[in-house]
Amino acid sequence: MIRFSDDKLAKVQEIIARYPEGKQKSALLPVLHLAQESFGNWLDVPVMDYVASLLSLEPIEVYEVATFYSMYNLKPVGKYLFEVCQTGPCMVSGSDDIIAYIGEKLGIKPGETTADGLFTLKTVECLGACGYAPMMQLGKHFREHLTKEKVDAIIAECRSNAAANN
Amino acid sequence: MGIKLLLDKAHVEGIRSYEVYRREGGYRSVEKALKELGPEAIVEEVKKSGLRGRGGAGFPTGMKWSFIAKPEGVPRHLVCNADESEPGTFKDRYLMEFLPHLLIEGLIVSSYALGSNATYIYIRGEYAWIPDILEEAIAEAKANGWLGKNILGTGFDLEIYVQRGAGAYICGEETALIESLEGKRGNPRIKPPFPAVKGLWDRPTVVNNVETLAAVVPIINMGGEEYAKIGVGKSTGTKLISACGNINKPGVFEIDMTISVEEFIYSDEYCGGIRNGKRLKACIPGGSSVPILPANKLFKTAKGETRYMNYESLADGGFASGTMMGSGGFIVLDEDQSVVKHTYTLARFYRHESCGQCSPCREGTGWMEKILKRILEGKGKMSDIDLLWDIQRKIEGNTICPLGDAAAWPVAAAIRHFRDEFEWYVNNPELCLTSNYGLAHYADPLEVVTA
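Protein chains in written order, with the working numbering: chain A, 84 to 249; chain B, 29 to 479.
Rather than coming from a laboratory, the hints here were simulated on the basis of the structure. Treat the hints with care, since some could be wrong.
As the list claims (entries may be wrong) - Just a sample of chain B residues kept apart from chain A, beta carbon distances all over 10 Å, derived:
(1) Arg50
(2) Lys63
(3) Lys177
(4) Lys219
(5) Gly279
(6) Ser288
(7) Lys331
(8) Gly357
(9) Leu361
(10) Gln365
(11) Pro388
(12) Trp395
(13) Gly406
(14) Asp418
(15) Gly425
(16) Arg444
To be verified - Below are the EDC-like pairs computed for lysine to aspartate or glutamate, each with C-alpha atoms no more than 16 Å apart in a straight line:
(17) Lys106/A x Glu207/B
(18) Lys212/B x Glu147/A
(19) Lys212/B x Asp199/A
(20) Lys401/B x Asp412/B
(21) Lys188/A x Asp199/A
All C-beta atoms in this analysis are idealised placements derived from N, C-alpha and C, irrespective of residue type, glycine included.
Let the sequences and hints guide you as you build the complete structure.
Encoded structure:
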């Protein structure tokens, strides 16, 4: 059965307390972030239903929000999600080449996950790092001024971390 | 070196911490505002300063504040718009990441002026590490008596909360932001009623950009009149410019709006010139939604005068030969870049980010992307260029929020100033499919522009 840990449940209550009484729906985006982090980096229907029950919402209210925002994953993704910016400023700084190189190194196309489930490659629109292009988001942080050498190092780092955690 | 009001302490070691920020004079404006001025006088100082919203629209901040409704017994809110998502724009990230206490200080003064006891920072979800920085600064401010109950013994209570978005450019539009903060899809609301009357949870609300709220600190410290003496005309104070693209020194710069565009691009203090010794082809000076200008229209206004980095000078000539200050997202393209391809990436961005509420935007952005793609792929017809023009005209002004305009303007300006390049793609389909969309074969009629 899906359930947040006690710590996470306390966090949910802390988030709800930021808003006036009866306005707990405002907690939906932060609680969905928390759910995604807690339950395998994606939101399946049982997870969304659980969030709805926590916030006293109808499930449809959660579905319509989860499907609107691009940061909620509605299908499984790899352990490491490479979100590479492809918008204008990144494009003029070489993001096309970086995207192609990552795809070549991992043997996948944008939108695909490697067979071992480690990596997903995704192209995204402007992440607000235009001066530090080309770049990608990996987890909570940005990786900027990407070169092929940096991409190699990031992939090696992820593989090493995955091996260490197994 | 130009005058710096926001970034003057940015390079002080440890400035992100309360201790160092306070030692450097931080939170003086809160003392002055709460103990000496009072809410109405703060609004007056902001009006006198001439501060214009730094998010892109450029509306006078003091005037916006004065519109807030004050019904008896109804809470009011200030919301800090930190949903920076306009391609080319990354200045607010810099402020929040390196000077979090400057923003918190501005929020306290502004909240006091507006009567907000619960203020929210709505930050784009992708800046996932910055909420931790802001929350640490908020905790430090609270521990030192600048937040919480009865601040400085004035009876003023304030809590500041950080809320992450989840990836939607549209949430930078103030009513979409409010919807998102209420836990809904970021669909913009029809105005009126304006947020100042009916905003967050139907309460009177002011939504201001990060840079705008940070600018309140120097305004209170130095006084509105002194602040207004910096800059020129109605472009008062300083402005953060985030510069990117094919330049030697991309980054965030603070300018006082009296320097020329040419100096900004070529001076070592700012962009440092075009990378790899290339020629300048074009520039979008205010974030992706403002009109692109070719090099030969960038340095001179419609009147033939030097074009400066301020609201009026950049806009001189209207859309025919001018552009806008916008958010200050300064994107530079060198001679190797394809304006058509760059415009295609922007059309794809706006199609992706359209909330889908209005048909002209939902359908039009998709069509613009498709047509630009087929032109790039060598499948375009000459009539496609006119079709693109027609579609952008049908989007502009016909949507609930300005995203429609933001999607239409880049396409319009690209056709207006670079029609010959669109025609080259149509006339050379075999070259479009090879060699980076045929750029190597494109002999453009650029004027040589150097410093």
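Hints, verified against the model:
no., hint, in the structure
1, Arg50, "holds (26 Å)"
2, Lys63, "holds (28 Å)"
3, Lys177, "holds (16 Å)"
4, Lys219, "holds (21 Å)"
5, Gly279, "violated (5 Å)"
6, Ser288, "holds (21 Å)"
7, Lys331, "holds (30 Å)"
8, Gly357, "violated (7 Å)"
9, Leu361, "violated (6 Å)"
10, Gln365, "violated (5 Å)"
11, Pro388, "holds (20 Å)"
12, Trp395, "holds (18 Å)"
13, Gly406, "holds (17 Å)"
14, Asp418, "holds (23 Å)"
15, Gly425, "holds (24 Å)"
16, Arg444, "holds (18 Å)"
17, Lys106/A x Glu207/B, "holds (12 Å)"
18, Lys212/B x Glu147/A, "holds (8 Å)"
19, Lys212/B x Asp199/A, "violated (36 Å)"
20, Lys401/B x Asp412/B, "holds (11 Å)"
21, Lys188/A x Asp199/A, "holds (14 Å)"
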